[in-house]
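Asker: Sequence:
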Amino acid sequence: MRDKGVFSIKRALPRMSWTPKNLYNLYLRTDGPRKREITFKSASSTLFQQRWRSKAVVRAYHGDFIKEKVFKRWFLPETLPDVRPKRKVLGDDKASLEEFALRKKKEKELAEEEAIKGMAPVGSLMFSEVERRIDIFLFRCCFVHSVYEARRLIIHGNVKLNGKKHQNANTRLAPGDMVSVDPSAIRFFKPPPNKDNWYDVNNYEEYVKEIEAQAEKKAERQAKKQAKKEAKEAKDTSGQVDPEPTAAESALVTELLGEDEKAPAQEKEEETPQPPKLYLTPFYLPHFASPWLFIPAYIEPNFATCSAIYVRHPTARPGYSEIPTPYDADGEVVRFAWEWYVERRPRVRSKSRLARMPEDRALAQMESIDEGRRNLRKDILLKNRRL
397 MRDKGVFSIK RALPRMSWTP KNLYNLYLRT DGPRKREITF KSASSTLFQQ
447 RWRSKAVVRA YHGDFIKEKV FKRWFLPETL PDVRPKRKVL GDDKASLEEF
497 ALRKKKEKEL AEEEAIKGMA PVGSLMFSEV ERRIDIFLFR CCFVHSVYEA
547 RRLIIHGNVK LNGKKHQNAN TRLAPGDMVS VDPSAIRFFK PPPNKDNWYD
597 VNNYEEYVKE IEAQAEKKAE RQAKKQAKKE AKEAKDTSGQ VDPEPTAAES
647 ALVTELLGED EKAPAQEKEE ETPQPPKLYL TPFYLPHFAS PWLFIPAYIE
697 PNFATCSAIY VRHPTARPGY SEIPTPYDAD GEVVRFAWEW YVERRPRVRS
747 KSRLARMPED RALAQMESID EGRRNLRKDI LLKNRRL
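For this note's numbering, count along the sequence shown from 1 and bump the result up by 396.
Calculated directly from the structure, the hints in this document are not laboratory data. Please note that the accuracy of each hint is not assured.
Unchecked claim - Below, simulated BS3-like cross-link-like pairs (lysine-lysine); rule was C-alpha separation at most 27 Å, straight line:
id, residue 1, residue 2
1, Lys591, Lys605
2, Lys621, Lys605
3, Lys400, Lys417
4, Lys614, Lys591
5, Lys620, Lys605
6, Lys624, Lys417
7, Lys406, Lys437
8, Lys624, Lys614
9, Lys465, Lys451
10, Lys614, Lys625
11, Lys631, Lys620
12, Lys406, Lys463
13, Lys561, Lys591
14, Lys451, Lys468
15, Lys400, Lys468
16, Lys628, Lys614
Taking the hints into account, I'd like the entire structure generated from these sequences.
Answerer: Structure representation (structure tokens):
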């Protein structure tokens, strides 16, 4: 966490967290009295001020822990992608393939959808590189209650990437990567210290009390049954009690029979009662967590194994953006933020700066594919020369 006042109500900047204070800040900025500060209908502020305010509120939610220089150099796309399907070009010789792929039908459906819902909100796609980060990915999967908690789990070695322990929170995932979290490190599976601020979803405490009561009743029944059995045996023997063996006799019996073969009475004394087995997992959620309980379309989670797969990169469709944001996905706030960064792009990346780039698994896969293609071309050229 960058500072202690990250959830300050005075600043009212929404963050990636489930805390009630953050929910109140979200209300202030999106539907409360602080909304007018980012509603630029009047000309009381300059264009520079409007862009700066938009950049500040947007960056507070999308990666406030990322330094500004690092964000502009490595997590800001060069251009906003065009999410529309490719149109047919006149004179193209791929008409048969287009008909096979039903592209004409898709174009017609897209045109109808755009007429009803409007254009795709591509403004929020400026944060597509940020959404690929492994710490934000864990927050989107609802495995943690804040992105700061996700960074702590990664750094402490409680997260695995494709089956291997991963401790770099700046890694950007590639499509197909699987991220797993150690269940013992997830806070939702542990009884909270202050239970007044958490909700017991599975009624785990009542379940434990019920199991313990059943175990006590079972123990009482066994004790009564054992007492009746002993009383019956005592009655059958008519009060005759065998004399207890001396220490020399017991040592001789142990030496002849061995240590493994003991008397049944001694085995009963050594048996210890085992605690009852609990088949229900404790699950606690903080209050007011329902606004954050959603999974984006580009993530495929499995809560039974505490793992999730990054299926593909986020995209946008007419009237819908897959990147969650507290502001309008293509509204004036996001547009002004994009205009701010367009005018303040970093310089061309040199080799020394490229060496300091955060890990990008998608880029590494593309480089390995390109290298394989180059090696294949060299092998083909060598074979042709030999022939």
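Asker: Would you mind marking each hint as holding or not holding in the structure?
Answerer: Evaluated hints:
1. Lys591 to Lys605: Holds. Lys591 to Lys605 sits at ~17 Å (cutoff 27 Å).
2. Lys621 to Lys605: holds, 24 Å
3. Lys400 to Lys417: This hinted pair holds, its Cα atoms lying about 13 Å apart.
4. Lys614 to Lys591: Violated: Lys614 and Lys591 sit about 31 Å apart, past 27 Å.
5. Lys620 to Lys605: Holds, at roughly 23 Å.
6. Lys624 to Lys417: violated, 62 Å
7. Lys406 to Lys437: The hint holds at about 23 Å.
8. Lys624 to Lys614: holds, 16 Å
9. Lys465 to Lys451: OK: Lys465 and Lys451 at ~14 Å, within 27 Å.
10. Lys614 to Lys625: Distance of about 17 Å is within 27 Å: holds.
11. Lys631 to Lys620: Satisfied, since the Cα-Cα distance of roughly 17 Å is no more than 27 Å.
12. Lys406 to Lys463: Satisfied, since the Cα-Cα distance of roughly 22 Å is no more than 27 Å.
13. Lys561 to Lys591: At roughly 32 Å apart (the allowed maximum being 27 Å), Lys591 and Lys561 break the hint.
14. Lys451 to Lys468: holds, 12 Å
15. Lys400 to Lys468: holds, 25 Å
16. Lys628 to Lys614: Answer holds: Lys628 to Lys614 is near 21 Å, not above 27 Å.
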